[in-house]
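Asker: One letter stands for each residue in the lines below.
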Amino acid sequence: MQASNRKFVVSVTWLAGAVALLIALVIPLGYFNVALSTLSAETLVAAVAKSEHVGQVINNEPEMWQYQVLRLDDAMAQHSHHPAQERIVIVDLANNVVAQLGPPPLWPVLSRSVELFDSGALIGRLEVSRSLRGVLLQTGAAALLGLVLAALVFLVLRILPLRLLNHAFNALRQEKARAQVTLRSIGDGVITTDPATLIISMNQVAEQLTGWRAEEAKGRPLSVVFRIVDELTERAMESPLKRAMAEKSIMPLTEHMVLVRRDGQLIAIENSAAPIILPSGDVAGGVLIFRNVAAQRGLSQKLSWQASHDELTGLLNRQEFERHLDVALESCRAIGGQHAMCYMDLDQFKIINDTCGHAAGDELLRQVAETLQQQVRESDLLARLGGDEFGVLLLGCTLERAQGIAEDLLAAVRKFRFTWGDQIFTIGVSIGVVALTAETLNREQIMSAADAACYAAKDAGRNRVVVYQPEDSEMRHRLEEMNWTPRIIRAIDEHRLVLYYQEYLPLTSRASPGRHIEVLLRMTDEAGNVIVPGTFIPAAERYNLMPRIDQWVITKVFSEYANLTKSFGSDLSCSINLSGTSLNQDQLHKFIREQAALHQVRPDTICFEITETAAINQLRKASRFIIDMKADGFHFALDDFGIGMSSFAYLRNLAVDFLKIDGSFVMGMANDPINRAMVGAINEIGHVMGLQTIAEHVDSEAALVQLRSIGVDFAQGYLVGMPVPLPLTGMPQPVPGKS
Amino acid sequence: MRSVERTVAIVLILFAVNAWASSGYAQEVRIGGTGAGLASMKLLANAYVKIHPGSAIKILPSLGSSGGIKAVAAGAIQLAVSSRELTDAERKQGLAAVEFGRTPFVFAVSTDNKVDDITLQQLADIYSGKTMQWPDGSRIRLVLRPASDADSTMARSMSPEMAHAMRLAEERPGMLYAVTDQDAQKSIEEIPGAFGVTSLAQIMAEQRQLKALALNGVRPTPQNLANGSYPYVRVMFLVTSPKTTVAAQRFAEFVQSPEGREILGRTGYWMR
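In order, the protein sequences belong to chains V and E.
Just so you know, the working numbering puts 383 at position 383 of the first sequence, and the rest follows in order with no gaps.
Adding 1000 to a residue's 1-based position in the second sequence gives its number in the working numbering.
You can take every hint at face value.
Taking lysine to aspartate or glutamate pairs in the EDC-like style, the calculated list, with each CA pair at most 16 Å apart, reads: (1) E:Lys1058 / V:Glu63; (2) E:Lys1211 / E:Asp1112; (3) E:Lys1050 / E:Glu1028; (4) V:Lys556 / V:Asp493; (5) E:Lys1130 / E:Glu1170; (6) E:Lys1058 / V:Glu61.
It is worth saying that the hints were derived from the structure and are not from the lab.
Isolated chain E, as found in the complex (with noise of 0.2 Å):
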């Protein structure tokens, strides 16, 4: 008797494994995407697997939106986050993009510049190379994102004046580059001078050591984002593909939620 039991109990127990393995909670969810909204996701991720413990989320490094979509499509990974819409070309391929909540698109500094404030104008001059310095004389340093960049894309929409100071940043000759926004964030940190584009949520989310200025004297705030003055803005989307897992899926859940939306309220984001 004592050997059947124990099959029973074997069989039991495997059952109730696969039972929870099966439940979706198991399975392994590899996040990627853009940088700008993958610290938003680690905070998430905690909080979801103190839920649902035994969950696995791995948020893989800043593959960047394109990247993201491109790995999720490829079902490298099961959920991507993207700071872009997706393309006819990607609709068709299956992949869908929800919004998740959006933050400002900020120029940041360095928390040690005194700088709190700057117009487009004076953003204009800057990356014509007009302007060089701060008002106490130090130099300015442009960290420039790659011209295809949605954030190097945001920049120029946002006036005929920037993008011709866009187009002549680019084309002086030295200028400082970071292909991530996880490098970005880290040049304009740590370099003396810093100035480069960002996002609130990043700069909230990676706890980094950097200020978002005022844009012609509108501070980049979630609430100004809502009441319209404050006009940039990243929008943030989770994406997913037919080869999302169920386990990914419960998450992108969880994100969109109120415990989720809560997080990201926290973050910088503001969710419509």
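Just chain V, same shape as in the assembly (with noise of 0.2 Å):
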């Protein structure tokens, strides 16, 4: 490289030289050339010039002319733009100075004569001379001139090509070196070639990789030292490269490539390629770049396997086992395959889980987990889907084969034992058993009715396993119920909840003061047809989506509170309904009381009103929970007073304000003696607790006449007023309340 750089600027130098020395020589000479033709041309033609005008002397005085002083003097001086600078002489044929005019010219001199005729015969000439010294001078001059430019030429030629070219090699040695540190530093194997993937260079990590050292690998083809397979079909593979530069683009990452090293390892490998191109289009080589995935593919795998398997049991999670039935489902539509599903759920697993701690409710899982896989097929897949919840689904199975599986499932489980520390448990399963028919019409549909049918063994006393029946009443309502839960959820999300309110009729003079409403849960459909509480209540409180609901509503009435006074006065006072999901909720008093604070709500104008079947379920909860609530001012109603079949001394437990006589007594009261002494009991009784009384139902005048009597506190009722929507923002006013 330095020799043919140094041979290089020989070669530079030689050829500024040569341009300059002929600039340096060709700009005087040129000159003189032409300064010497336009002189020489300027003298003639002054001597001929001035020859005719001596010829006109000699013509008029043939014989004296010569002695013409004046006239040849006059002759001579014609046509002389420089007369100090030429001289002219007329001669005679002895070469002896007939005339002359002007001063000799300095040395060198340049002299052009013409011959005088007298009537054709030659008698002397005319000669004109001037001198060259001053286009001498001007050559000089130009000679100077020639060569300061033809130094900067020199310059020029000589100094900045070979100055660029030098930036030039220093910026490519740079990048070069650049390049390689790059090609050392990065953690991918690299290896580049020619067009026809003789390979160039190789990187340290392509070395290391392919098990060839660069100086070994240099020129051979790239399929000799990078050798590929697939991992999947162990077959042998092109590199990508070739392709790259055939089509001249990047080829991408490939995936399931192994390198097979010289030393015949195997290397998990990712490889990308593509190709040099030149400006001109062409194609100058390739780059293969590729690194060891061995550590991430198996990462990879291992993650894929998590993703779709439960980490505790081994067993399909959920969503792999709802793909495979997804499958399954498709198989029967496509083919006209028969599939089954049994859905299992544990029983007496929330006993252990709760007695013996959550590592023990692990460890069932997993021993439970393992005598199920025992009980199943091959073919058969099995899965945690949840809890203590397992599924199975059995491939290419009648629905006969399947309830014969699930027995076996069954039989397996109750012969389980499970034994934690000192103790030994029993526990049960019960299975739902559903077919996949090609009339099945989506996951949902078989997920709900194996749940349904899990549901019925459960119901039925547990520990059996029950086939689901399409034409049974009982698993039809409970697969509607199902059914309700995603409508729920999409009417809380699309917020087509709506609140209505009753306002109560204040019957004595002991019931408080001031307007009374019960706020009221309707859902509207999507087409906006209104959904009475009845049709969805049931299947929120079994989904437990009671506590979401019952949040919604607190949450609305709150913010909402200030708007509701300025429409029914300042003593308001709003009564919201409370599931026993709820009652469940540990967070819910901590919930109310930070609403209540948020949107600056009385706790004494809001009472909550739990029924008396709820209450006494989860007594101790319920109670506990009434007593921190009255603690900050709410008050408290038992609904559905009467119809649990609990005793009046509950109520001593609970520390209400207010009990609702059910519905069902008011109803009937005023053609029954018996529901009116209930209800004149039930009044009785509560208002030697403290009580108000509030009767539900009210639908006849003859019942208000009797209520009053009775001196029930208030009156609830269609008679009193049919419930409306709650005037919140937005909303129509309601009507003034009637007394």
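Dock chain one against chain two, each of which comes alone in its own frame, and use the hints as you go.
Answerer: Given below as structure tokens:
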């Protein structure tokens, strides 16, 4: 490289010198040539012109012309632009000077002469001489200029290209060094080849991965050094570099590729290839980049397993199970296959989990999973669906066969003993079995049916197998309830829960002052039709949606309370229903308190209604809740009192403020003395306990009259007022209350 | 006897002819030189021939003073008329110059021109180009002589202003030049509004339709030359060489004779 550089420099110097020399010579020589030619021509022209005039003198005085000094002077002076710079001499044939004009010119001299004639006879000549000194001086100046120009040209031609070249070489060297350092530093293997895929260079990582040293690999075909096979098929693969160069585009990462090292060792790799394309569009070679992905591939496989399996039990998880379910359903529809599914819910798992702790619960689940796995066929897919719920997809299985397998599973679980510490536990399992047929709509339908069957098994006493029967009304009802769940969730998300209210009518003077209303929940369907609570509340309660709904109601009423007081007056008292499942929420008290503080709602203006049944079912929790809430100033009412077969003694444990007499007693009291007596008894006891009483479902004047006479404090019902939409923001105003 | 007598007669005739020829009157005398004196020479030659019939005098066209001197030195002519002194180099050639008269150096216009008098300043203005018109509004057309001519030299010597004005005149483009005295007089005579230098003797000898202007009020006459009131003079010389013939010498003597001086006096010369 150095030698070629020097040679280049010498060549450039010679070239520059030659050009400069040419310029240095051409300019003065060219100028001199032109100037000399011009001067010669001018001198000749002057001589010719003067000779014309002299000729006239000769013709006029042929014998004495040579003595016509003045006329000759005048003739010689003609056509003289610079008379001081030329000399004109007229000589005869003997070369004697006849006349002359002008000073002798400075050396060197240019002379041009013309012959003089006397009627055709040569008698002498006229010579005009001019000095060449001016031309020479100007030529000298031109030579100087030429030298200067030549020097400049030499400099430009010699220095500038070399400087530019030097600069380019330096930049190239830097880039090369940078590229080499980069290649050494990057963690990927890099192999560069020529267009024929013969290796030009390899970096260190490439050496390590291939097992070839760069010097050995240089010049060899890529396919010899970089041998790859498909991970799955183990077939030899062609490197994408050839294709990249052929198509002049970058080939992206290739998966499932394994590099066969020189020593035969296999390494999982990912590689990409790119062509090196010159500005002319030609391919100058290619670059192959590859890396060892053995660890990542193992990790991704692991992640892939983890994404589809339950970590605790090693079984398929719900997501993967549902995916297989979809595939199975598709096969039913496509080829008419028949499959079945079992939905299993462990019995008594909660007891063991609560008793022995979550570690025991986890171990129990693991062991149960193993037990279940032993009972299913190889083609069956066992999954943990969540909690203590399992599912089995029985592929290519009739319903009868599935039922048989389910019975086996049941027997295995019954036989299963769980030892934890020094305790031994038995558990049961409720199994719902459902068939997958071509008529099955979708996965949700199957899951719901299987769940319904499982629930039926639980309802029937647990620890049994129930096959889903579409014609079974109970099962259909369960299914319908299950179908409500997503509808309710959608209604909440799409703001289709609506609040109504029904006002109480105070009947006695002991009834607390102000206006009292009960907030009632409604739902609208997608078409805007109102759905009464009786339709969706049971499903919401069963599927644990009530806490969310109750919180929504509380938030809505509290946030609108200021507007409600504007509509109803500042002495408004709102009753809000709380479900039993909400009572079970530990955070309910905190939630209500926070909402009241947030929206500046006075606790004494809010009355929570809890059904007698819900309170009794969770007596301890309900009692604690009521005490804590009343301490904040909230009021409580015991709703639907009298139908729960509970004794009045429970009332002592529930520090409620109002007793709502169940409507079933009120509606018939006009004609039924027993109902009337019941109402009277409840009212009496309520009053004795310091509670105010409210009669529900008052639908006739007769009942109202009797309620007044009995002394019930409030009446609520269609007679008093129909449930109407609560005047929330943007909603219509309520009608004034009746008294 | 008759043949002898014939022969003697022939011999005697031949001897007489030869003697006559040798007497100097029969030789042709060629005279050339400045045009200013050639007309006067013609008059003198006519008078000489009347006195000496058989003499042959040829007055050549103007050669100029230098041309005439050169010709006489070469023997091409026998007598040269010059309006300048000989140079040392010319004297070294054996040439000799004798003054035969003086005539005023004049500024002349055509007789049509109303102007009679001119001042030195006006002269300078005319030559410098400051004044371009005659009083009657007509154009002044200067007839210049070559810068080396004696007339030009004389004009330049009149004053520093004239010297400067002459230089300006010579630098002005398109000026009219007359090489010889005859050309100059012809131009002044014929060109409307022309104005130039010449001599009184030439005007009178050639009987030109020209008039010499008074200069600063002094008329250019031989009398005013004699009394010094008119200072501008052209001195005329006859130049001879060692080759000058007897006949030429005789003519030269005639020029200086009373007859000759009388003719010269009539044609504008003043003889000292």
